[in-house]
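With these hints in hand, go ahead and build the complete structure from the sequences.
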Amino acid sequence: METLQKVKSDVLIALGSGILIGAVLMNLSGVMSVNGKIEDKARDLGMVYPEEIRVNLEEGNE
Numbered sequence: 001m002e003t004l005q006k007v008k009s010d011v012l013i014a015l016g017s018g019i020l021i022g023a024v025l026m027n028l029s030g031v032m033s034v035n036g037k038i039e040d041k042a043r044d045l046g047m048v049y050p051e052e053i054r055v056n057l058e059e060g061n062e
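So in my numbering, spot 49 of the sequence shown is number 49, and the numbers just go up one at a time.
Worth flagging that the hints you see were computed from the coordinates, not collected in a lab.
It should be emphasised that the depicted structure is a prediction, and the values quoted were computed from it without experimental measurement.
From the three backbone atoms N, C-alpha and C, an ideal C-beta is built for every residue, glycine too.
There is no bait here: all hints are sound.
List time: in silico SDA-like cross-link candidates among lysine to any residue, alpha-carbon distance up to 25 Å:
1) Lys41 with Ser29
2) Lys6 with Leu20
3) Lys8 with Ile19
4) Lys37 with Val48
5) Lys6 with Ser17
6) Lys8 with Leu20
7) Lys37 with Val24
8) Lys8 with Ile21
9) Lys37 with Met26
10) Lys41 with Asn27
11) Lys41 with Leu28
12) Lys37 with Ala23
13) Lys41 with Val31
14) Lys41 with Gly30
Derived CB-CB ranges, DEER-like:
15) Gly36 with Gly16: 24 to 32 Å
16) Leu45 with Ser9: 49 to 57 Å
17) Glu2 with Ser29: 39 to 47 Å
18) Leu4 with Asp44: 57 to 65 Å
19) Lys6 with Glu39: 45 to 53 Å
Given below as structure tokens:
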């Protein structure tokens, strides 16, 4: 009886951990997708990021 309860406990802990890790990964992928869409829209509107300005300035000085 005690062994069965320990097995159930171990299975539930593993299942709960898996669900939590899956939720975190889904959240991260959703955030990355939204950020990508925002960046695409910003580029469509003609916005330039500061890193790109520095690269363009360095290319102009050569």
